[in-house]
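Engineer: Read off the chains here:
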Amino acid sequence: MIKGNFIDNLPKVYGIYTGGFLAFIIIMSIAEQMGMTAKTIGICFVAFTVAIYAIIGYLSRTAQADAYYVAGRQVPTVFNGMATAADWMSGASFVAMAGGIYFKGYGYMALLVGWTGGYVLVASLLAPYLRKFGCYTVPDFIGTRYGGNLSRFMAVVVLTVASFTYVTAQINATGTIASVALDIPFQYAVYVGLISILLCSMLGGMRGVTWTQVAQYIVLIIAYLLPVFWISNKMGAGFFPHFMLADEVARIGELEQQYGFVKNAAADLKTVPKGLAGITKAHSAVNATPWAFISLALAMMMGTASLPHVMMRYFTTPSVKAARKSVGWSLFFIFLLYSSAPMLATLSKLSLIDPSLPTGIIGKSIAEVQSIDWYQNWNQANLMFVSDFNGNGTLELNEFFMGGKAVVLATPEIAGLPYVISGLVAAGGMAAAMSTADGLILAIANAISHDVYYKIIDPKAETAKRLVVARVLLVVIGFAGATIAALEIQGILGSVIWAFDFAMSGLFFPLVLGVWWKRANKEGAIAGMALGLISGAAYLVWVRTGGSGFLGITQLTFGIFGSAVSLVAMVVVSLMTQAPSAATQKMVDNVRVPAGKSVI
Amino acid sequence: MSKQEQHWEKTRGLLFMTLAIWFVFSIGIFLFGAEMNEVGGPFGYPLTYWFTCQGSLGIFVILIFWFANRQEKIDEEFGFSERGDD
Numbered sequence: 010m011i012k013g014n015f016i017d018n019l020p021k022v023y024g025i026y027t028g029g030f031l032a033f034i035i036i037m038s039i040a041e042q043m044g045m046t047a048k049t050i051g052i053c054f055v056a057f058t059v060a061i062y063a064i065i066g067y068l069s070r071t072a073q074a075d076a077y078y079v080a081g082r083q084v085p086t087v088f089n090g091m092a093t094a095a096d097w098m099s100g101a102s103f104v105a106m107a108g109g110i111y112f113k114g115y116g117y118m119a120l121l122v123g124w125t126g127g128y129v130l131v132a133s134l135l136a137p138y139l140r141k142f143g144c145y146t147v148p149d150f151i152g153t154r155y156g157g158n159l160s161r162f163m164a165v166v167v168l169t170v171a172s173f174t175y176v177t178a179q180i181n182a183t184g185t186i187a188s189v190a191l192d193i194p195f196q197y198a199v200y201v202g203l204i205s206i207l208l209c210s211m212l213g214g215m216r217g218v219t220w221t222q223v224a225q226y227i228v229l230i231i232a233y234l235l236p237v238f239w240i241s242n243k244m245g246a247g248f249f250p251h252f253m254l255a256d257e258v259a260r261i262g263e264l265e266q267q268y269g270f271v272k273n274a275a276a277d278l279k280t281v282p283k284g285l286a287g288i289t290k291a292h293s294a295v296n297a298t299p300w301a302f303i304s305l306a307l308a309m310m311m312g313t314a315s316l317p318h319v320m321m322r323y324f325t326t327p328s329v330k331a332a333r334k335s336v337g338w339s340l341f342f343i344f345l346l347y348s349s350a351p352m353l354a355t356l357s358k359l360s361l362i363d364p365s366l367p368t369g370i371i372g373k374s375i376a377e378v379q380s381i382d383w384y385q386n387w388n389q390a391n392l393m394f395v396s397d398f399n400g401n402g403t404l405e406l407n408e409f410f411m412g413g414k415a416v417v418l419a420t421p422e423i424a425g426l427p428y429v430i431s432g433l434v435a436a437g438g439m440a441a442a443m444s445t446a447d448g449l450i451l452a453i454a455n456a457i458s459h460d461v462y463y464k465i466i467d468p469k470a471e472t473a474k475r476l477v478v479a480r481v482l483l484v485v486i487g488f489a490g491a492t493i494a495a496l497e498i499q500g501i502l503g504s505v506i507w508a509f510d511f512a513m514s515g516l517f518f519p520l521v522l523g524v525w526w527k528r529a530n531k532e533g534a535i536a537g538m539a540l541g542l543i544s545g546a547a548y549l550v551w552v553r554t555g556g557s558g559f560l561g562i563t564q565l566t567f568g569i570f571g572s573a574v575s576l577v578a579m580v581v582v583s584l585m586t587q588a589p590s591a592a593t594q595k596m597v598d599n600v601r602v603p604a605g606k607s608v609i
Numbered sequence: 002m003s004k005q006e007q008h009w010e011k012t013r014g015l016l017f018m019t020l021a022i023w024f025v026f027s028i029g030i031f032l033f034g035a036e037m038n039e040v041g042g043p044f045g046y047p048l049t050y051w052f053t054c055q056g057s058l059g060i061f062v063i064l065i066f067w068f069a070n071r072q073e074k075i076d077e078e079f080g081f082s083e084r085g086d087d
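Just so you know, the sequences run in chain order R and L.
Letter by letter, the first sequence follows residues 10 to 609 of my numbering.
Letter by letter, the second sequence follows residues 2 to 87 of my numbering.
Please note that a few of the clues may not be correct.
Capping the alpha-carbon separation at 27 Å, the derived lysine-lysine pairs in DSS-like fashion look like this [said to hold, decoys possible]:
id, chain 1, residue 1, chain 2, residue 2
1, R, K606, L, K11
2, R, K595, L, K74
3, L, K11, R, K373
4, L, K4, R, K243
5, L, K4, R, K595
Quick caveat, the hints were computed from the structure, so don't treat them as lab data.
All chains should be built: construct the whole structure from the sequences, respecting the hints.
Structural biologist: Shown next, in the form of structure tokens:
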């Protein structure tokens, strides 16, 4: 069926795959008509997609260091874009983003701007230069550019802190979805999720992760867009929601005015289950100060440019030129999902609060709402709650509570879409969380195996031995992440945002100045990484333990403080110590020119 | 000035231009978020709301492709581009 080189056949391979997946959705919807239960459909969707990823992971197995660490540097731009988009869009983006927009409105949308704007920094400041450098990992760049084992080791420390914070949230998300779809307890589901994740990456390393991530992107984007378009059409809101929801947005504004945002008494709020929230903020009005919005966006942008699991995806392109273009494609594929999230939030909110729609529940009697099927389902799943605080028997806006995840998970059911869509959404969420977890675990394991084990401990190690170490680390880190995830310390989104702040505190300026400031030296970089990370972490602890903070920097934007300390420390220490050697300066010159051999 | 210095100067110029546009749409306009939201934007959405949903995001996508093309031209001009791949 398929002749010649695998790379040349990629469009065909993934074309067949996409067709096969669509056919699977159709088969499932026919099965639903014929009476297959919702539970079986959910299991089929998750099991089928995970099995496909596992097969791709197995077929991508390799014994070569180049393939294991950087996928042989032959991933075409568009496919690398898809893989990066899957790598990037986590369980949080998929399951929680629309919910965040639904509840917090403008203040939350700083994340959309931040998580996309960061790619401009990636493309212009870093990715092409690090690709030219020819490194295997991000600490590899730091270690070679600045020299010395200490700088390399510090970079591994920052990378591990940031990525590990992030990965526990992703394993948590795979566990949540697996436990719902497969109907098993969460503490086992976490390990089911972990094993699925390891199946993709263990045998093929970066190569396996690349080709599974492309497959996961296709599943997650179909799973996100199909319901949004379907719901919009079913509600009669417009066949292309992105361009046609202005009336709906305005209508929500009207209803908000009409209902008003009534503040609930603290005693009443105590009766609401944990994790659920009511609608208390305007949908499309500006409800945050400029600095609150800008500081959050800025922290996310600089964090994006410092997260190693994203940066290392651009080490896999065939050329510097391709790395630049590939960043553009990545953002395009991310844009497809991000620009749909606000539309889903709008549709979801309007369908619930507009009394003139058949699905609207505000204004109905409490008893009537409590008898609706979908309300009962999601109330049982602990994602919806109503209570008659004022005792008038009618549901008011301030008496309706929902979990953030329900916007993505429950809206299809509320709108009356068949259950097959809910199964599809579960598969999409699983794909999003798995692909990000894979990228993160691989980033940590590769940094420790390549930079700590091979470069520092045993530089004479043979390839076979290096790859065994890399794989053992992958499993160990995965299990460590799963164990912590099972403890459920912080909500999915909180820890994701912290990861960005940790990464920018320690890595943003050492990376950027490594390319753009020749005078930056080893001592400066070490000071920048160490002081940046320590001061950022200290600020977080201070604010978490009741500190007041300053300049409006919160626990979500502590990276702004950390990176400012990092910049000052790096510049001052660099200037106080000796300039880098002529050889290092020449190396920087070489990095700045796309043509010619890579530096390492 | 050597060929390489000239190339780097142009590259830096392009970087500053790219970062200036990036700054406007990621930070600059949100200084006036409340005022801008009173104005109608594309497709009838309030303007600031539209920028956060689609506008800024889409502009970033276009900006990166534009940047990549300009940088390629600069590299070609100085004979520093890579041959025979993509």
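Engineer: Now tell me, hint by hint, if it's right for this structure.
Structural biologist: Taking the hints in turn, this is what the structure says about them:
Of the pairs offered as hints, the one joining R/K606 and L/K11 holds, with about 22 Å between alpha carbons and a cut-off of 27 Å not exceeded. Taken as a hint, the R/K595 and L/K74 pair is honoured in the structure, with Cα atoms around 24 Å apart against an allowance of 27 Å. At roughly 65 Å between alpha-carbon atoms, L/K11 and R/K373 are farther apart than 27 Å, so this suggested pair is violated. Among the hinted pairs, L/K4 with R/K243 is inconsistent with the structure: their alpha-carbon atoms are about 61 Å apart, more than 27 Å.
At most 27 Å may separate the alpha-carbon atoms for a hinted pair to count; L/K4 and R/K595 meet this at roughly 15 Å.
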